[in-house]
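Residue numbers (the working numbering), protein chains in the order written: chain A, 1 to 241; chain B, 1 to 201.
Keep in mind the hints are simulated off the structure, nothing from the lab.
All figures in this text were calculated on a predicted structure; none of them were measured in a lab.
Hints may contain errors.
Claimed, not checked - Quick partial rundown of chain B residues pointing at chain A, CB under 7 Å, derived from the structure:
| # | residue |
| --- | --- |
| 1 | His-15 |
| 2 | Gly-30 |
| 3 | Asp-33 |
| 4 | Val-40 |
| 5 | Asp-106 |
| 6 | Cys-112 |
| 7 | Asp-114 |
| 8 | Val-136 |
| 9 | Tyr-141 |
| 10 | Leu-152 |
| 11 | Met-156 |
Backbone N, C-alpha and C fix where the C-beta goes; we use that ideal spot for every residue, glycine too.
Below, each chain spelled out in residue letters.
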Amino acid sequence: MDRDELRSAYLDGELSVTEALAYEKSLTEQECAGLIAERRFEASLGETIRSDIRCPDPLWHRVKARIRDEHRVRFMGVGWRWGAIGAAATALVLISIIVPEALRGQTAFLEPVASLEALRQDADVPADLNAVAHFLASHKMALTLRMTPTIRETDSHTHQVTFLGARERKVGSEKVVQLMYNCCGTPAVVLLSHQNTEVADRILRASREQRIQASRRVGSYVVGLVSKHHAPVLLRLVGQT
Amino acid sequence: MKDMDPFLELIEEYHDQFYRYVYRMAWDTGKADDIFAEAVLVAYQNREKFQLGTNFRAWMFRILTNKCFVANRETARAFDSLDEKDIEVPARGGNEVYEAAIEDPDAFLGACGDEVYIAIRALSSAQRACLLMRVVEGFSYQEIANVLEMPLGTVMTHLARGRARLRRELAAYATAEGIVNEPIRLIATDDENKDIADHGS
Numbered sequence: 001m002d003r004d005e006l007r008s009a010y011l012d013g014e015l016s017v018t019e020a021l022a023y024e025k026s027l028t029e030q031e032c033a034g035l036i037a038e039r040r041f042e043a044s045l046g047e048t049i050r051s052d053i054r055c056p057d058p059l060w061h062r063v064k065a066r067i068r069d070e071h072r073v074r075f076m077g078v079g080w081r082w083g084a085i086g087a088a089a090t091a092l093v094l095i096s097i098i099v100p101e102a103l104r105g106q107t108a109f110l111e112p113v114a115s116l117e118a119l120r121q122d123a124d125v126p127a128d129l130n131a132v133a134h135f136l137a138s139h140k141m142a143l144t145l146r147m148t149p150t151i152r153e154t155d156s157h158t159h160q161v162t163f164l165g166a167r168e169r170k171v172g173s174e175k176v177v178q179l180m181y182n183c184c185g186t187p188a189v190v191l192l193s194h195q196n197t198e199v200a201d202r203i204l205r206a207s208r209e210q211r212i213q214a215s216r217r218v219g220s221y222v223v224g225l226v227s228k229h230h231a232p233v234l235l236r237l238v239g240q241t
Numbered sequence: 001m002k003d004m005d006p007f008l009e010l011i012e013e014y015h016d017q018f019y020r021y022v023y024r025m026a027w028d029t030g031k032a033d034d035i036f037a038e039a040v041l042v043a044y045q046n047r048e049k050f051q052l053g054t055n056f057r058a059w060m061f062r063i064l065t066n067k068c069f070v071a072n073r074e075t076a077r078a079f080d081s082l083d084e085k086d087i088e089v090p091a092r093g094g095n096e097v098y099e100a101a102i103e104d105p106d107a108f109l110g111a112c113g114d115e116v117y118i119a120i121r122a123l124s125s126a127q128r129a130c131l132l133m134r135v136v137e138g139f140s141y142q143e144i145a146n147v148l149e150m151p152l153g154t155v156m157t158h159l160a161r162g163r164a165r166l167r168r169e170l171a172a173y174a175t176a177e178g179i180v181n182e183p184i185r186l187i188a189t190d191d192e193n194k195d196i197a198d199h200g201s
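Okay, chain A solo, but in the shape it has when bound:
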């Protein structure tokens, strides 16, 4: 036992009488005062810590409820147990049907549209700059749209672009604005969302995971491109006012 351990054990009263007496004899006056101070300090510290934290009542009630639930399940009869297993299986089947359906509804806006015809028919707003400007304003989006029949992607490829109109779609409790294009004969949808929203997060995540063609931030908005045709340059048609 080194001197520090001896000191600590003495403070805790863990030394035998002989050891304690021997230790006391070896103390200088300064050490003695230090020990007294430390004993008082630790008593205070212990008291402070003991009184400053209590288990929050809601937490304790939750834990007790879980224990009671566990106890109930454990002591249910075999019949009950089979009943519970049956109910769980039914719930599992229902969940396996309902959850994917709900998720599909939340991610459908990230899937490419099958045909140009479907896109045309679904437009809420015609391919008119003024109408689209009003539409964007009604969604509190300070964005401008540039119209162009062609847009160059690379030196070797220029896209043929026709604007088909705009629409809005619900995604959970939020809305996403969609600008619809015919890009080189393929349906292309530019998604618009305010940043820091669930929709914006989904767009950015889908882009990172390469489930959509591209995404970018335009001021305080996030835009994304959904198409089977690779034309990220389409996103440059959207600018902030």
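We have chain A already, so just place chain B on it with the hints.
This is chain B only, laid out in the frame that chain A set:
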């Protein structure tokens, strides 16, 4: 339900102590609720393993401690390599030694505020566990050794080093913040005397 109630009552009697320990042991206090809940449930599930008439608090503290270590990988790593960590001598200036003389512990603690908890959290997991069990919960060395499943001598080492580190941290804070106005009385411990001797200071 008959066999549940006495055990639950036993836990209920001490649940504030258990929670307090977890709260101070967990590296991330935000996880304290989850660790506590999990530990209590595990204890309940294993209640048949507890022998009536033996030390219930020590039995529970072993589960709580294990849960705290598991919940925090960093803490667990510190626990695994505690000897290495404890031997490490903190950087000091040539004639620096530690131990502040504390004339009024209550006033000192009040002035230090949350710094006390910060200093406790700066201890290694084993030092913190030993100190909390000893100073706050009043366990004997042997009980702590049983809870942590380590030799009694190791418990003594952790306590001694934990205390020294705590004193040092608080003394440094008190000096820097002007809490201790009087000149601090300093006493070198064995480790530091050796260190000073090794460096020829």
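Hints versus structure:
Interface hint at His-15 of chain B: satisfied, since its Cβ lies 5 Å from the closest Cβ of chain A, which is below the 7 Å cut-off. Interface hint at Gly-30 of chain B: violated, since its Cβ lies 13 Å from the closest Cβ of chain A, which is beyond the 7 Å cut-off. For Asp-33 of chain B, the suggested interface contact is upheld, since its CB lies about 5 Å from the closest CB of chain A, less than 7 Å. The interface hint given for Val-40 of chain B holds, since its Cβ lies 5 Å from the closest Cβ of chain A, which is under the 7 Å cut-off.
Annotation: Asp-106 of chain B was flagged as interfacial toward chain A, and the flag holds, the nearest CB pair being 5 Å apart, inside 7 Å. Because the beta carbon of Cys-112 of chain B sits about 10 Å from the nearest beta carbon in chain A, more than 7 Å, this interface hint is broken. The beta carbon of Asp-114 of chain B comes no nearer than 10 Å to any beta carbon in chain A, farther than 7 Å, and the hint placing it at the interface is violated. The interface hint given for Val-136 of chain B holds, since its Cβ lies 5 Å from the closest Cβ of chain A, which is under the 7 Å cut-off.
Because the beta carbon of Tyr-141 of chain B sits about 5 Å from the nearest beta carbon in chain A, less than 7 Å, this interface hint is met. Checking Leu-152 of chain B against chain A: minimum C-beta separation of about 9 Å lies over 7 Å; hint violated. Given the 7 Å rule on beta carbons, the hint for Met-156 of chain B holds: about 5 Å separates it from the nearest Cβ of chain A.
In this structure, the earlier hints numbered 2, 6, 7 and 10 are contradicted, and the remaining ones agree with it.
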